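Engineer: The lines below spell out each chain.
There are 4 protein chains.
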Amino acid sequence: MDLQKILNEIYKEIKPQLGKGKVADYIPELAKADPKAFAMSIVTLDGESYHIGMHETRFSIQSISKVYTFTMALKMYSKKLYERVGVEPSGTPFNSLVQLEYEHGKPRNPFINAGALVVTDSLIYHYKDEFITLENILNFLRASSDVSDININPSVAKSEMEHGYRNRALANLIKDFGNLYNDPMKVVETYFKHCAIEMSSQELARSILFLANGGVDPLTNRAFLTPTQTKRINAVMLTCGHYDASGEFAFHVGLPGKSGVGGGIIAVVPGKMGICVWSPPLNAYGNSYAGTLALELFTNKTGLSIF
Amino acid sequence: MDLQKILNEIYKEIKPQLGKGKVADYIPELAKADPKAFAMSIVTLDGESYHIGMHETRFSIQSISKVYTFTMALKMYSKKLYERVGVEPSGTPFNSLVQLEYEHGKPRNPFINAGALVVTDSLIYHYKDEFITLENILNFLRASSDVSDININPSVAKSEMEHGYRNRALANLIKDFGNLYNDPMKVVETYFKHCAIEMSSQELARSILFLANGGVDPLTNRAFLTPTQTKRINAVMLTCGHYDASGEFAFHVGLPGKSGVGGGIIAVVPGKMGICVWSPPLNAYGNSYAGTLALELFTNKTGLSIF
Amino acid sequence: MDLQKILNEIYKEIKPQLGKGKVADYIPELAKADPKAFAMSIVTLDGESYHIGMHETRFSIQSISKVYTFTMALKMYSKKLYERVGVEPSGTPFNSLVQLEYEHGKPRNPFINAGALVVTDSLIYHYKDEFITLENILNFLRASSDVSDININPSVAKSEMEHGYRNRALANLIKDFGNLYNDPMKVVETYFKHCAIEMSSQELARSILFLANGGVDPLTNRAFLTPTQTKRINAVMLTCGHYDASGEFAFHVGLPGKSGVGGGIIAVVPGKMGICVWSPPLNAYGNSYAGTLALELFTNKTGLSIF
Amino acid sequence: MDLQKILNEIYKEIKPQLGKGKVADYIPELAKADPKAFAMSIVTLDGESYHIGMHETRFSIQSISKVYTFTMALKMYSKKLYERVGVEPSGTPFNSLVQLEYEHGKPRNPFINAGALVVTDSLIYHYKDEFITLENILNFLRASSDVSDININPSVAKSEMEHGYRNRALANLIKDFGNLYNDPMKVVETYFKHCAIEMSSQELARSILFLANGGVDPLTNRAFLTPTQTKRINAVMLTCGHYDASGEFAFHVGLPGKSGVGGGIIAVVPGKMGICVWSPPLNAYGNSYAGTLALELFTNKTGLSIF
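Chains as they are written, first to last, in our numbering: chain F, 9 to 315; chain C, 9 to 315; chain Y, 9 to 315; chain U, 9 to 315.
Read the hints as simulated data drawn from the structure, not as lab findings. As the structure is a computational prediction, the values presented were derived from the model and not from experiment. A couple of the hints might just be wrong.
Pairs involving identical chains hold if they fit within one copy or between any two copies, as the list cannot separate such chains.
Said to hold, decoys possible - Cut-off 25 Å, straight-line C-alpha distance, at most; resulting in silico cross-link-like pairs (SDA-like, lysine to any residue):
| id | residue 1 | residue 2 |
| --- | --- | --- |
| 1 | Lys44 | Ser167 |
| 2 | Lys309 | Leu53 |
| 3 | Lys23 | Thr236 |
| 4 | Lys166 | Ala32 |
| 5 | Lys114 | Tyr85 |
| 6 | Lys166 | Tyr34 |
| 7 | Lys83 | Asn190 |
Given the sequences, and given the hints that come with them, work out the whole structure.
Structural biologist: Now the structure itself:
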């Protein structure tokens, strides 16, 4: 399979779609993104990499960061983590508050905001300090992407803090149920900060090789997770990775993946490769419009969909 | 891969688990099932079949029937079906009523009861009569399993009718929103009847070969669906096939599948085979306890999980 | 206080408002009502009566009937009734299903539809037959109004049956929770029938004298309820009598009252009189537009508001 | 009517009940209250006052303060206030979050916490500063009670701040919907502070004379509200003043009233008097156990219930 050729074809087919959709504008920092920007990167288990577009340009990874914090928490707490956060799909966003109330503050999965807040809280609880927690999250991303200068964009984090009232409502409600161990404001702030990490498509594709390889980075042989834990993360990505369009993504793309409102999407082909695509304008469900299409083209062309 | 040998191993390992869990007893007819009953069948695309246990004993397929009615409706209405029923996971059972209310009577997916009722209604609307509808559902199952005498157990259907108040509540609520075209009681009755169809594990495994083969029965070459529609059904089975344990099933088994409270589970290995397992006692989520374990053993032993 | 003079003043002031609002049209039978029709009747504890408008014209009493069925059930079951239905306000209509689910099938009060269905069920359970139940409801109204020929309009009842899907959904959901003892369809049908009773404003005003007199009809000395039970009914009317506008009604009118979508409203001045007003067009909350205004004029002119 | 004699009788009858129920212990400061403490005060429109028990002992007025902030906001904004907060009962506490979500951040009434937060926000918006707002709330209470040294207990306020996660969740959710104009944390802090005001039963009974007199303090002739606004506040107290037991309170007591978790309850007899009762242990609904009983005895003995 000539992956570069396939990427080139995708690039050609996707170009007329660039600019369609709507760049996230709930904070000014994200609204500045170039609606025509596009990148797609593939890194295979043997370390070969293939790219199209602006694959070296960093963007705000946003909710993609939840995959890494979930990975870290699963490594720390193993199955005990599931006492605080579930692994099932959650239905509509409307349900998030209803479900938290009905299920006594236990979020349905680590990829809805409520769940990601609990995961972040579990990391702060472990590291005992939010700055050390952030440093460890960054170090995890630096290690898994094998790039040393990955950092947070402080103006994005600040901008989130100024608008993130719903996340604060969630954090305080979870705290009221006793399922946050730290101050809710600190948890929200740490959460916003790890969402404000910036990486390029090639760095992200590289960083998820361990998820395509049973938990072990195939290039450094560093073991991040057990094979069973890795399977768990991929399963949760498949069933819950795209908010209220997870079913659509499973159908169209058919790969475990996770999107962010910065326009990035990562996807894992188990046993084979990590993929990242980036295009800022989002579809109605808050996932990258062109990015979703590009991944659909990819699995159609390669037959690598799980279905 | 020696599938018979793998089945034999599974049988040996699963035997100590038989009887664990709880046979569905909300209707007397289901409560009569033998808690130690067990069967597992595999049919490959080339027509080879492998079995262990009581593979010729018929049982109540219950919600497994939703896969076939969804197939029929998708063939009839294609994408227009999604105007009436979604393809996304639904969260907790509690949400079913809240979501119907909040989303104006459009169920989240065809595998929750509300969605299956809309699908059944769409079939009755097409065939213009509920008896003709049932005959066509039976004929579909007869054709896809290549067995001519598949039938409904009338006492199971009657028993469901006598206890199915929640389904009637759902049907009447959907009707109130204008998303049922027929009398709600007729729809519920037709739904209970197709849930009361009885088949054996070997018949069910055989009947889903078309889902493992892009919509075409590989043994008769009969085309039931397009490849894209088939992908859709498999994707919905993976994300929504096991109620509130769909995420767990995706993790443990990693195959598109659908369970029924009669203790049956079907699973599709795309491009390879259809599988059916049967054991009446259910786990806490209403899925066959031993059946889920057997499928997990299967994907662990064969590496056929999608993750 | 010259009550006839006050009624005449109200009549004059209310005339320009007649026709404003919207006649209930969810069933054809109610849609036929004359939007300019108006009547107001007062009957005092000493038997004096005062009227304006079409006070002898009968109209569909609809939800006003819930006051009488609640009275009958409270007499039968006393405090035990509260095990099946509460006495607290319910919030939005949207909540009815959510609350039933969250509170396990126990409706919040006897004046929301769910609660009235439970009350009707309790009457059928007592009388062991729905026809005998209806006959007893009619007899109660005949006795309390001292009029022998009060009856059900069968075409209104039939029309309700053909459209009442939401009430059927409620009844089946309550049944699923075990809080209906009879067949939900029979309960719904009996409920629709007692809602389809027709009475005039003078008959209704007369029939509630016992609620203004501690449970005893002051003209016949017949005791329908104890003083405590009477206080309960008046309290529930004040806090829950007007759906989602109970707070508004308490403010504007300040009397225990109950409205129906037929355009009727009854109101009790404890220790003094029964009042009924009728005007078919409804305001946004489903209560008679001109009727609410007329009652507000009445309490403003007489100072008989409880506040 | 010899009010002192009636109070004396009540005192005798209520004594065996003192200590029953449960003192609020969600914050340590409130848990310290003497469970046997009791006081009851009546002040009539002509300035006569009657007391039993510890009527000069100050206690934490808690949610009783919502009556005064609602009064201040209604005076400031008149009907425009209803654009931000409703006047209808709200159903279960569970609904508070569901309703806020469903009704886009507009609380149902000013006496549930969500509504009181919006009212407090409206005061801060008016005074442009939270300290000036608090000073004005205190001044309002000093004026209406005619006592100059009413103050906040800072350790109660601090204790609330350390535990009030649910109120912070509510405030942030309302802010997310755009219905708070100030920083949610400031609003919550100001709210907790006015809840921590301490007054005695005789001060509270005196301070609500204006609500029994059409908005005008009968002793100073100071007009706080119009008669219509006063009627509104009394109506909202009657339908929404006791959380999920407002219906029970309307039945048992039959007076507009408002309770606080400090064990105080105020009640208004329109045209006649203000009443305050205090006893720290609460019933299952969070209202003073002995206080509710004492008020019921009062209306039974005097016939002053509105029903």
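Engineer: The structure should be examined with respect to each hint, and the outcome stated for every one.
Structural biologist: Do the hints match the structure? See the list:
1. Lys44 <-> Ser167: within (23 Å within a copy, 52 Å between copies)
2. Lys309 <-> Leu53: The answer is both: 20 Å in one copy and 23 Å across copies each meet 25 Å.
3. Lys23 <-> Thr236: between (39 Å within a copy, 24 Å between copies)
4. Lys166 <-> Ala32: Only inside one copy: Lys166 and Ala32 sit 16 Å apart there, 39 Å across copies, limit 25 Å.
5. Lys114 <-> Tyr85: Answer is within; shortest intra-copy Cα gap is 16 Å, inter-copy 39 Å.
6. Lys166 <-> Tyr34: within (13 Å within a copy, 34 Å between copies)
7. Lys83 <-> Asn190: within (20 Å within a copy, 41 Å between copies)
Going through the hint list in order, the structure satisfies each hint without exception.
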